[in-house]
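Protein sequence lines correspond, in order, to chains A and B. Residues in the first sequence are numbered consecutively from 1, following this note's numbering. Residues in the second sequence are numbered consecutively from 1, following this note's numbering.
Only true hints are included.
Identical chains blur together in the list; that is why a pair holds if it fits in one copy or across any two.
Think about it this way: if two alpha-carbon atoms lie no more than 27 Å apart in a straight line, the pair counts; the simulated BS3-like pairs of lysine-lysine are:
hint, residue 1, residue 2
1, K47, K99
2, K139, K262
3, K125, K192
4, K262, K167
5, K163, K264
6, K163, K319
7, K125, K156
8, K264, K99
9, K40, K99
10, K73, K16
11, K156, K183
12, K99, K250
13, K211, K250
14, K163, K125
15, K183, K125
16, K163, K262
17, K264, K167
18, K16, K250
19, K262, K40
20, K273, K262
21, K262, K64
22, K139, K250
23, K262, K99
What the hints contain is simulated information worked out from the structure, not anything from laboratory work.
Residues per chain are reported as follows:
2 protein chains.
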Amino acid sequence: MKFRIDNLQYCNWSRKVFEINREAGLDAVHVTIVYHEDFKELLSETKKWEKLLKENSDLIFLGKNHNDIDRAKDENKTAIFFGFQNCSPIEDDINLVEKVHQLGCRFMQLTYNNQSLLATGCYEKIDSGVTNFGREVIKEMNRVGIVVDMSHSAEKSTLDAIKISEKPIAITHANPSFWHPAKRNKSSELLKTLSDSGGILGLSIYPHHLKDNTNCTLKSFCEMIAKTVEIMGVKNIGIGSDLCLNQPDKVVEWMRNGTWSKSKNYGEGSKNKPGFPKQPNWFEDARGFKNLEKGLKDVGFSEIEIDGILGNNWYNFYKII
Amino acid sequence: MKFRIDNLQYCNWSRKVFEINREAGLDAVHVTIVYHEDFKELLSETKKWEKLLKENSDLIFLGKNHNDIDRAKDENKTAIFFGFQNCSPIEDDINLVEKVHQLGCRFMQLTYNNQSLLATGCYEKIDSGVTNFGREVIKEMNRVGIVVDMSHSAEKSTLDAIKISEKPIAITHANPSFWHPAKRNKSSELLKTLSDSGGILGLSIYPHHLKDNTNCTLKSFCEMIAKTVEIMGVKNIGIGSDLCLNQPDKVVEWMRNGTWSKSKNYGEGSKNKPGFPKQPNWFEDARGFKNLEKGLKDVGFSEIEIDGILGNNWYNFYKII
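Given the sequences, and given the hints that come with them, work out the whole structure.
Put into structure tokens, the structure is as follows:
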């Protein structure tokens, strides 16, 4: 089987976006549905999604497990998997882990950029690792079947999570720091530990995570993948594009600031470039998967390897959630 | 003026308790009104307090600042100052700091025993100090007039808070670890840094913080105070008895467990001794202040020093909130 999976998108969802994802041949997309929203606010978001799923049932449906990716392939649809980029929806209550799973959550980051109740984010000065509450929550996520996602977490916290979690974890959207040393990207040591433990990395095409930002070339990106494979092997890598299609800039403000500061925080941006950055021309939307296919071939990957990177590796990971 | 202040009680509040505090001559009490309650749950607690304040207006009233301690003395009443033992009521929202101040909050711990969004608690393995959000919240607490209370925090977090806060901070209820090395007690280095910065320590009479627990003698407690004065001076010490009068054991379960674990946590207790410990016989309730007066005299303190320790030092601290 040949699956195409984008394991992180945070678009301004509309029929148009779902059509583009179909055109791109995506069988599954892991979508971020909340950042800093609490449980009650999460309920509002899932209601919005109920409407979207109903109105676009010819294009998408809510995925629960890997069988739904097969079903999507059969029905020419895209299975949508819900995920959170912060643990705010479970508040300080271990019992909400099961509740958010019932609402469809399949991936949850233990932290966004700052310290959470569970672990340390990559923008904090000191990383104390997974907390007492974090240990309990990981156990519960393992039990109910929510993937621990450490994309925005700091290094020690991520290593702790790998060790504590009884199931492999994911970094759904980040790149190796050997290629582009952004705060959000990951060290080679961490990536090796991740793949050794059966975990998976979704490579990001968000410009702030790319060498040369918007001007990053397809060739540079695919050469980076080849080097990453030398560290992680070819079966623990996928795509998590972090595509934020059609999002207004106020959304990136919310992502970065939530309600934690009275002054404005620019995260990966800057005062002069506060908004969403422009995508590179080879990945303006998910149809760029076709370019990735060509680019990966050009740097020497075989068809089986390319299918793995562009979807089958994620499919296999979904089997063990 | 000669004030008597107990700067931490968490009793099962009733007319009887307020009468005992009056009999003890207390002009002011800092009362814990919440632990892990969120903002909405805090509102329920303040409503309960509105009723208590109304029904017992001949004994107590809600204090806002140090002038209310003078008023209490004049009117033979006890001024009640609200405090939180965790930062849960401000959730992840900097704007709630001002709101909780409007509701009467004058002291807020940045952490209970676990990691919070603001800092690290004394029961975590690693202490990463005050977080990004914590820095912002301390600034806001300084602005609106809520005291940073680090009673349950870990050491580096406390040192960070002392450094970051523009106003002196408090440890409302803890003892020196040189006397009794409990996790909740504080190192001599920390206590010296606290007093050098104008901060204040409220000495606790909660048995788990005492040498020999319930069997701790008044003499031992007062000798400890004398030694602490050698480190901190005599003006930066008060009483924060941590008295939990008439509380049922389910309350100590809530304090320790909140909703963060599926298994039971015993905190300072143990499986065999899960409940509230018995008070030492010289401080079964606030009337024990009379015993403290005698005990302090017996170890050589002057009347002025005793008045400082039993209330005037806290009064002076309230002036700079």
